[in-house]
Amino acid sequence: MTRITVQVDDESYTDEVEPRTLLVHYLREQLGKTGTVVGCDTSNCGACTVHLDGRSVKSCNVLAVQADGHEVTTIEGLAKNGELHPMQAAFHECHALQCGYCTPGMIMQSIDLLNENPTPTEKEIRAGLEGNLCRCTGYHNIVRAVQTASGQEVAS
Amino acid sequence: MTLIEDRPDIAVKEIGRERLRKEDQRLITGRTKWTDNITLPGMLHMAMVRSPFAHANIININVDAAKAAPHVKAVLTGADLGDGQGVLINAWAITTDQKTPVHLPMPSARVSFAGEIVAVVVARTAAAARDAAELVDVDYEELPAALDLRENAEDKVLAHPDLGTNKSAFWKFDSAEAGTGGNVDEAIATARAEGIVIERDYRQQRLIPAFMEPRSVVVDPTGEQITMWSATQVPHIVRFALAATTGVPESKIRVIAPDVGGGFGGKLQVTPEEWIAWAVGRRLGKPVKYTETRSESLMAAHHGRDQWQKLTLAATKEGKVTGLKVELLADLGSYVAVVGGGVPVLGAFMFNAIYKFPAYQFTCQTVFSNKAWTDAYRGAGRPEATFGIERLMDELANELGVDPFVVREMNWITHEEFPFTTVAGLEYDSGNYEAATAKAKESFGYDALRAEQKQRRDSGDRVQLGIGVSTFTEMCGLAPSRVLGSLNYGAGGWEHASVRMLATGKVEVVTGASAHGQGHETAFSQIIADRLGVPFEDVEVLHGDTQTAPKGLDTYGSRSLVVGGEALVKAADKVIEKARPVAAHLLEASVDDIEFSAGRFSVKGTDQGLAIQEIAGAVFVAHNLPDGMEPSLDSDATYDPINFNYPHGTHLCALEIDTETGQITMRKYTCVDDIGNVINPLIVSGQMHGGLTQGIAQALFEEAVYDDSGTLVSGSFVDYLVPTAADMISFDIGHTTTPSLTNTLGTKGVGEAGTIASTPAVVNAVVDALRQFGVDDVQMPCTPERVWKAIQSGGQKQQVPTEAAAVPHFDESEGGTP
Ligand code: FES
Ligand code: FES
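Chains as they are written, first to last, in my numbering: chain S, 1 to 156; chain B, 1 to 818.
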């Protein structure tokens, strides 16, 4: 067991974890942050995407101990004072989710994408989301949501 | 069969509006209730030990080391569970003499596919269970595995030696025998002499539904009732089957499908994992949980499609089709799953599609193999049928040297001819294929793209353009119970709804159609808001728990709106009828003088009236009701559809093929679908986008590939190519509207339309680009390798097996480094 201290969604947690515990399991099982989900075992689906010190990571591919001393933001920490993050609002407005299973990861990745490139083209958006799978939406409205959040014109 | 005359005036308010979804708020903020999120006091975790062999006798299972491992509470085998584990049912024996082996959740003597469960480890943590599962030592005696569909149909290797054959059932429809048309063999003989005969073998590859939420199940045996939470599409069917096979009375079973992360047919099943969790929970008296890994999901959750289609189309030399003969071989996998063999039969009525064929015959032989069992996957039977006929119509057009639309127009049912009884015996109530086609061609820019295609062809451009057409219809709204009965299906096709008027004027709606991403909460609220004249926000839709929604047949087959929605309308109408005498009593008027409109009961010719919410309040306190009236407005309705409904559409695909690499790039995709009246255009467009993507993925990317020993090679998302955002393009979607005449709202199903229509549109486009090289077919998925080889060989017939990761679309180095 290793002791770690992590800032998650603006709160500090100190816990004993097994060295092999993945960040996603730490979040879900020890902290009850079940908004972040697991969709695969090969780091391909992106369902588990969170921010580590402001950059997106696949939390199934990071050990909890690697987050020691760092700051994690999950989907649950995005809305501030009951106000949705603009990306959350855009996903809602553009109907960019159906079952919603990919959504937490998709939103976290989309925010990272705009942080890197505030006005991406459709092609850049598609490339930037390549590591996040969605089986429901065909990505059409997800692309629209990212365009909307970036303040760009959106085709229908 | 026509309901249109008693359709009331529907105030066009909520219906047809692009309402943003009610269900989004919790999903975008992470306040979700997936089954895997559930933790109960003292809950134990299960891990499965699965056979690595496709076919083997189990000689011995040594569980000693696993039992001794830290935190392990139990290790159980099939022998330990014995009869108490129940069996997994097949609800649809397509013939009365269908052969099927007993399907135990955990067999003790022999495994029949790689991934079958042979032991379960129960421990205090999921990690401890998984670790200990590695320690279970199983001795297998490997048996020859039946892996090739065509060879299996010849009984070369037996999947279940005791059965003596791999053939499960043979199902036939013949229009001459049914009296719905002529003799197909005569039509073919005539065409051979003086017309055109097109003969093709098409492969429907094996697919995996690949819903994003892995399946998960929690069983809590504490308390008077045993509760199961499951990531399922069908809580009611699971409850029924648990009662029927495990000896627990139905009244003691509660099944809950909380938030469910996609299904696409893949969660329309009764699964070994559910049954084992049920048995283990009851045996240990403790809550248990099992959540599969993605690898387990791809390997052991059911697969879809997997057919060989032998098709013979007869036509006059002018191109008028005179007969169609369909001979299918369908791979069941190792057992007949819950709907299993019925899936190809759902296609039996759809091969004739939108056309007027005088003669038709469909036969299907279902065949066992030592692979994962197959069952419903989005479209179920209808994509296969649509693919077959739409590919053939293109071949016929090519034979005649005409545009693909020419043969379609020559053969389709014109809009004046509805209602039309087809050669398969179905009555199509409405449609307008001409209108959808005209609109699609215009939006697509058909003529300009054809011109560009010609120019590229003439100039010998390295990049060639292919244009693919698919005009489809489907039967949806499963299903009239009488029809299901005639097909020997084990249940009905009705749906149930309740509407409860609460004292505060809010409305609770209970539906038996349990959603998993479709947006029922929003669409059903819109229907009720209009029907009862209450605010959209005041309607709460409850579903997915057999205790709150005790009756229902769940969500599949594009049935929720057209069957479940109709039940809802009927229940709401009963509420209004119950409220009417109360309104009359309170307004001191005659019942005959009470009118109901936009949520208000008023006295004809006066300005006196009461809102439905006020009536609800009056009924709640019950101080002043008509004599003898039961103080309740709450109403139920169970609706059995009288007919299917038949959405249709015209889909057009343009793609570019790099003839030097075989690389395909989607250029444009246009579809114009007629799905009748639309409740929520936003939800409909989402269903179309997702459906199209799955159909395109069948054409270009996906296949469940097994190696020679029966191991699933595409057993992870590295190799099973669910398309990414970068693989797809934006779609051009439009509608024409001919309301369905078989339900009050005039709606048709939409959940499967995109998937059904898009696969042949894409493959027709691929073949269209390659025709000039002598190619008349490319097997799906049309990978760059297959396309390139087809060009090189000038269309010479060849079998190119699908490579694992044929179109690698993940950058290996990118594997998610933090
Ligand atoms: S769960 Fe992390 S990438 Fe799939
Ligand atoms: S919304 Fe269902 S997987 Fe993306």
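Honestly, the hints are just simulated from the structure, not real lab data. All of these numbers come straight from a predicted model, not from anything done at the bench. Among the hints, a few may not be true.
As the list claims (entries may be wrong) - Listing some non-contacts, in silico: residues in chain S with all C-beta distances to chain B over 10 Å: (1) Thr5; (2) Arg28; (3) Gly54; (4) Thr119; (5) Glu122; (6) Glu130; (7) Ile142.
As the list claims (entries may be wrong) - Okay, the calculated beta carbon distance ranges per label pair: (8) Gly42(B) - Arg3(S): 19 to 29 Å; (9) Gly425(B) - Ala79(S): 35 to 45 Å; (10) Ala155(S) - Glu595(B): 20 to 30 Å; (11) Arg55(S) - Glu452(B): 52 to 62 Å; (12) Pro118(S) - Thr665(B): 26 to 36 Å.
Quick reminder that beta carbons are idealized off the backbone N, C-alpha and C, glycines included.
Exercise. For this structure, which hints from the list above don't hold up?
Worked result: 2, 5, 6, 7, 9, 10, 11
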